[in-house]
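Going line by line, the protein sequences match chains U and D. Under the working numbering, the first sequence has 310 at position 310, and the numbering climbs by one with no breaks. Under the working numbering, the second sequence has 594 at position 273, and the numbering climbs by one with no breaks.
No lab work stands behind these hints, which were simulated from the structure alone. These figures come from a predicted structure and were not determined experimentally. For each residue, glycine too, the CB sits at the ideal point set by N, CA and C. Heads up, some of the hints might be wrong.
Unchecked claim - Residues from chain D shown here face chain U by an in silico Cβ test under 8 Å; the list is partial:
{"id": "1", "residue": "386"}
{"id": "2", "residue": "458"}
{"id": "3", "residue": "519"}
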Amino acid sequence: MAESFPDPAPSADLAFVRWQPEAIDAVPTPRPRVNPELAQVIRLFWDDPPWAYVDAGVADDIAGQVAKLGVAISGMACEWSKEDGQSEFLSRSSAPRILPYRPERYGLTPDDWLRCNIIDVRLDRAIRGDGGFGYDANDLMRWNTEIDSDRAIALAMPPELVSVDDLPIKVRQLRAIAPPRCSVFASCGSAHDPTKFGDFKACDWDGWILRVDRDDILEGRWVQRLLLWRDALVDAKPSIRLWIVPPPLAAADMAKLFALGVDAVACDAYCDRLLWPTELGTRPTRDDTRQRLQRGLPARLTQILAWADRQPGNWFVDQIT
Amino acid sequence: MLPPDPPHARDAAHGRGRVDAQGPANAQGPANAQGPPPPGDPLLNLSSGRDLLSQFVDEFDVAQTDPTVLMASISNQGVDDEDAELPAVRLFNTGGIDHLLPGFDAGVKLQIEGDLGNYPLMMANRMDARIHGDVGVGLADGLRGGVVRVRGNAGNGAGVCMQGGTVAVYGSAGHRTGAAMRGGGMFVRGDVGDDCGLGASGGTIVVGGRVGKRLGNAASSVSIFVRGEIASIADGFTEAPLRKQALLQLGMLLVSAAIRGDAKDFRRIVSIDRLQAEESRRGEINPNWR
């Protein structure tokens, strides 16, 4: 019998979001989305998998296994391609894939943009494992950059753009080179002010990924930031998709994020542990990662989505102070 | 600038806006592609239809050709042998097109006549491209190899995120030239704007004219050579002596990029950390106490 998959955090962080068996007319429900069917396509995604923890073959395998659960996977071809340059995950056209487009383009190849469903233009400086701005040596090695970690500089914007007013140029470029049905998202930390990123309408982003998992300064007030961002984005483009990378949350709280108007939630806190080193400190093998996967992760993710699919009108959001 | 008219004799055989992606051999239409040749002089039927006096193996009207077809058609002309002479392809009537040939990877000489828009030859490799006109933002973004020469001016971010190869701009370039470079060589005969070399971690930038503010901003191991005035150098960067080895290296680079002038007229700008490391290495090789 499979073990239960532990929650990465105790429940009740989002106690102010409650579900009522009986619909309540006066509930402050999230703003209606113009394009709800688009939001249904992807509900869960793995935003920043630590691929460098495992060999490329293991990464390729586990990416395919998690994608089968309906989770969109973020990464680049170099992270999954074995020595022969092949990747089963990449060759599966049905697997939803997010291409992280970092300002410095480390690891990016032409293969990447030809085989992705979503491009995630990262408008924030990368943060290393030790908390500083930059990239970890293991990641740089996986990306074949031949740059030392202390020399790899993390930029906040594509460096050819002088200001945020130039962002539409970048969006047009990515739309031109990507497959026709590929979406172009932007992403940043929630500590930023939404007005900092120029004219949302001019950029015509398909979606925005808001990262609140690393904003320590917010001390749990990230939900207010989420709602601020949600309103700013929906005001600019009602059909825009809002994805969120939350701090570690219990499954019940993950589901509540959908009630706050989020279209997809990152399950990094659930999936990252698939790639962690073994108890002996070694890199996990394919068998290790598959065994971990079978310890209840599929059921846990299904549970999150089942809770999220409760009648939207029955969600009640208390006044947030 | 109006693009020059292509020679009329090539129009039919060499596909003004043709939709055949199989290269010139199949460009004559389906009649020759299948079945026996039509009756008549057999020698005539062997003709490829190509103008043998032309230096180009193919020519394309960019504005009239589907970008995917253009990419496939030119790629088909490429040679893999690094020592072989590259076949030349002419692109005309560019009309300021954006995103020309993204990810192009073939051993071909490209003569591009006319202005280009943003992000031409993004992440391209192996080609030897000459652009006769101005280009917009992001020239040769992420270039992996090969050569791109621009006989005109370039917009912001020329040579951004280059990994290898050579970009030479014979006019002037905008802000953030060579930003986030990590390999290759970036040459500008004229002036460049602010934040040249922003975040660059490798490669070489050579500027024949003046440079704007914050040269080398946040950059680490990039080597920068400047002949003209510098508005300001970023923190952590400094002017360094041009040693004999650097002079020789720069002289060769100037020749290869067709930039006139003497290497000793240039100043070398490097990070303070790198200069200190160089000096400590020199100390080990040639210690004063001997």
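Status of the hints after comparison with the structure:
no., hint, in the structure
1, 386, "violated, 15 Å"
2, 458, "holds, 6 Å"
3, 519, "holds, 5 Å"
In summary, the structure is inconsistent with hint 1 from the numbered list given earlier, while agreeing with all the others.
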